[in-house]
Amino acid sequence: MLEVAVRRNLRDYTLEAAFNVGSGETFVLIGENGAGKSSLLFLLSGLLSPESGRISIGERALYDGAYGIDVPAEARDIGFVFQNYAIFPHLTVFENVAFGLRRRKVQASEIRSRVEEHLALLSLENLSAVRADQLSGGERQRTALARALVIAPALLLLDEPVSALDAVAQERMRSELRNYVRRADIPCIAVTHSFRDALSLGDRIGVMERGRIVQNGTPDEMRRSGNEFLHQFFCECRQEHGSH
Amino acid sequence: MRGYFQGRKNLYLTIGGGLLITLLLVFIITPIIGLLFRTTPEQFLASLSDPVVWNALVLSLITASLSTLIIIGVGTPVAWINARHRYPGRELVDTLIDLPLVLPPTVAGLALLMAFGRMGLIGGFFYEFGISIAFTTLAVVIAQIFVSLPFYIRQARASFEQLDTTYELAARSLGSTSLPTFFTVILPLVKSGLIAGAIMSFARALGEFGATIMFAGNFQGRTQTMPLAIYTTMQGDLNASITLSVILVLISFVVIALVKYRLRGDVRC
Amino acid sequence: MKFSHFTLIIIVLIATILFAGCAGEQAKPEQTDLTVFAAASLTGALTDIAMEYETMHPDVRIITNFDGSQALRTQIEQGADADVFLSANTKQLYALRDQGLMENATIGLFAKNKLAVIVPASNPAGITTPQDLAQPGTRLVIGTKDVPVGDYARQILKKMGNDTAYGSTYTTSVLNNVMSEETTVTGVVAKVQLGEADAGIVYETDITPDNRDKFTMIAIPDKYNVIAEYPAGVVKTTGNKEEAIRFIAYLKSEQGKAILAKYGFALP
Chain A
1 MLEVAVRRNL RDYTLEAAFN VGSGETFVLI GENGAGKSSL LFLLSGLLSP
51 ESGRISIGER ALYDGAYGID VPAEARDIGF VFQNYAIFPH LTVFENVAFG
101 LRRRKVQASE IRSRVEEHLA LLSLENLSAV RADQLSGGER QRTALARALV
151 IAPALLLLDE PVSALDAVAQ ERMRSELRNY VRRADIPCIA VTHSFRDALS
201 LGDRIGVMER GRIVQNGTPD EMRRSGNEFL HQFFCECRQE HGSH
Chain B
1 MRGYFQGRKN LYLTIGGGLL ITLLLVFIIT PIIGLLFRTT PEQFLASLSD
51 PVVWNALVLS LITASLSTLI IIGVGTPVAW INARHRYPGR ELVDTLIDLP
101 LVLPPTVAGL ALLMAFGRMG LIGGFFYEFG ISIAFTTLAV VIAQIFVSLP
151 FYIRQARASF EQLDTTYELA ARSLGSTSLP TFFTVILPLV KSGLIAGAIM
201 SFARALGEFG ATIMFAGNFQ GRTQTMPLAI YTTMQGDLNA SITLSVILVL
251 ISFVVIALVK YRLRGDVRC
Chain C
1 MKFSHFTLII IVLIATILFA GCAGEQAKPE QTDLTVFAAA SLTGALTDIA
51 MEYETMHPDV RIITNFDGSQ ALRTQIEQGA DADVFLSANT KQLYALRDQG
101 LMENATIGLF AKNKLAVIVP ASNPAGITTP QDLAQPGTRL VIGTKDVPVG
151 DYARQILKKM GNDTAYGSTY TTSVLNNVMS EETTVTGVVA KVQLGEADAG
201 IVYETDITPD NRDKFTMIAI PDKYNVIAEY PAGVVKTTGN KEEAIRFIAY
251 LKSEQGKAIL AKYGFALP
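Residue numbers (the numbering used here), protein chains in the order written: chain A, 1 to 244; chain B, 1 to 269; chain C, 1 to 268.
Because the hints were derived from the structure by calculation, they are not lab data.
Treat the hints loosely; a few may be bogus.
Subject to a maximum C-alpha distance of 20 Å in a straight line, what follows is the list of computed SDA-like cross-link-like pairs (lysine to any residue) [as the list claims (entries may be wrong)]:
hint: 1; chain 1: A; residue 1: K105; chain 2: B; residue 2: I21
hint: 2; chain 1: C; residue 1: K159; chain 2: C; residue 2: A125
hint: 3; chain 1: C; residue 1: K145; chain 2: B; residue 2: F183
hint: 4; chain 1: C; residue 1: K114; chain 2: C; residue 2: E30
hint: 5; chain 1: A; residue 1: K105; chain 2: B; residue 2: V52
Example chain A residues on the side facing chain B (calculated, C-beta under 10 Å, incomplete) [as the list claims (entries may be wrong)]:
hint: 6; residue: F88
hint: 7; residue: R102
hint: 8; residue: R103
hint: 9; residue: A144
hint: 10; residue: L157
In this text, a Cβ means the ideal position worked out from N, Cα and C, and glycines have one as well.
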């Protein structure tokens, strides 16, 4: 269980959020640009430090303002897929995916099997030896996913995880991710603009506005609410359904 | 009507541009050709065995290489810190690092003498213990480092600043601490910029004259680098002077070619 | 149409500026510029002489270029604009003469000089005689072998080495103590003045009333010393031959000799 209560001054407003995410549960964050969704991910990952609050996974505290605990990002055992993928251009797909394992001093043979398993999972086997700067957008995104998943993290943070993939791949990846999170029994937080992502990935959905989570509930609960933003959000949904 | 004049304008621009480029090339190439025309291959090879030429060549290559290595070792962390971290006085530090760039080399030489000469602030202290800094080969290296350091640091800092910070963030999120991240992710991605900076520093160190002659003096084998030897011998034996100049030109070409060859295979992010 | 009008105006403007610049650089039609290339050791004396000459001849402006005589010779060889050449030894000027670059009829000696050892007033190495120069660890500065003061210094050291009073190892010992070779005598003086050198071999004339308190001069006995002979000559490519000849005549006149003597030069 991920327990979060953090506060930090950002440039235009103060980010203040408190929520929990159960193991095997995916919490989807939606909201306007600049609402603080990505910042929240950075706070959880340890790449940005809160000013006060507490972040913990089970018994393990990642951050506690009261006790001066601030575990550095390198030691938090998280998998982070960035919005711009941040794939290392000078390394091959294989080396990119293997990066986290190498840092953890995993045995070479184990690296090989785990990396190949995840390459297959994301349909990247044929690109294993290709240098990352030669990849298309979708291939980069899949590499980023593989790289984050292969290290079997304790917390998964996804910033627009499937946006660059084609419709079929998106469908497949959403269900893969959902299954992965359930099987690994870890908490997962995903930021997205896509209502399909929100509906199919999210066990719970959180709406962020100027640094605060103004609504938090299951997809059904959200649909029934009167929020203007949500209305538009789900309006597309109805239109889509209509066009089928 | 308009189309007609557009065409003419393009023609003029093309001719003008071509003329400009030709003029520029002539300007650069003529002195070099002039140099080559004043010697013959036999004279050149004979000069190579002249101790003045040989001493200067070896001294220059060794000192410039040493200086460049030190500059890379010291300059890279400094450039990195200044690129990524904000601290009080950072702008002042940057300005001071750039100072040797605008300082006339002779002034730099005099300043170094005032600091490290045996009557100098720091040099005087060392002299008490019998350690001479000025007028030694060490002084040559110091002078070279002083004038070339800014070339490398500016380039390195620019390269680091241009590097997308998310690479480091991604590496950290995957468990990579600062030093491994620097060597496995950051360095490979800025490699071409750093090398270019090092080349510029090396070239500047190799061509350094004013500060060297003031601070290290002019003594064959110990402090007489190629530029100093060219200047000294030009006033007596033009042949040696021309040979050294031709060598320096050749080295420059080789250096540029090496850089271009290396950079060709590098990352395009 | 507008574009080419614009370009034309720009071209005319640039041309005007360039020509105006050129015109501004030249001397007023009545004034003659006389360029004198002189050995560095003549700096003090020649500046005075130039001032006197200009006062006497208001239509003449003297432009001086002080440097090592060997450097000046190279510049003249490569086509530098000089009217008069004053060298610190005959070797450099005669070299130009042998290449046909001088007006041979105008060549003649106008001054003489001797060399001396100087040490900083504080005398950190405790040098009192020329023999002391051979002491190991002495930081000595002399001229390069091409600059007259360096050439003369080596001649002197050789003469000393041939004399039993100094011993056969003297020359090499002293040359081993050389810390730096300067391309002009002013460089030698500067290094001693800064206190960086323990001693330097320069001309007697380099000790002036202005810097007397910064140095101690150690005389070199006449039997080892060289007489530095300073020739003057008009450069063949001069555009002001008469004026150049007049200037050299002034050098050799009573007034010129007086100024040279004031600075310590001997007269031929």
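Q. Which earlier hints can't be squared with this structure?
A. 1, 2, 3, 4, 5
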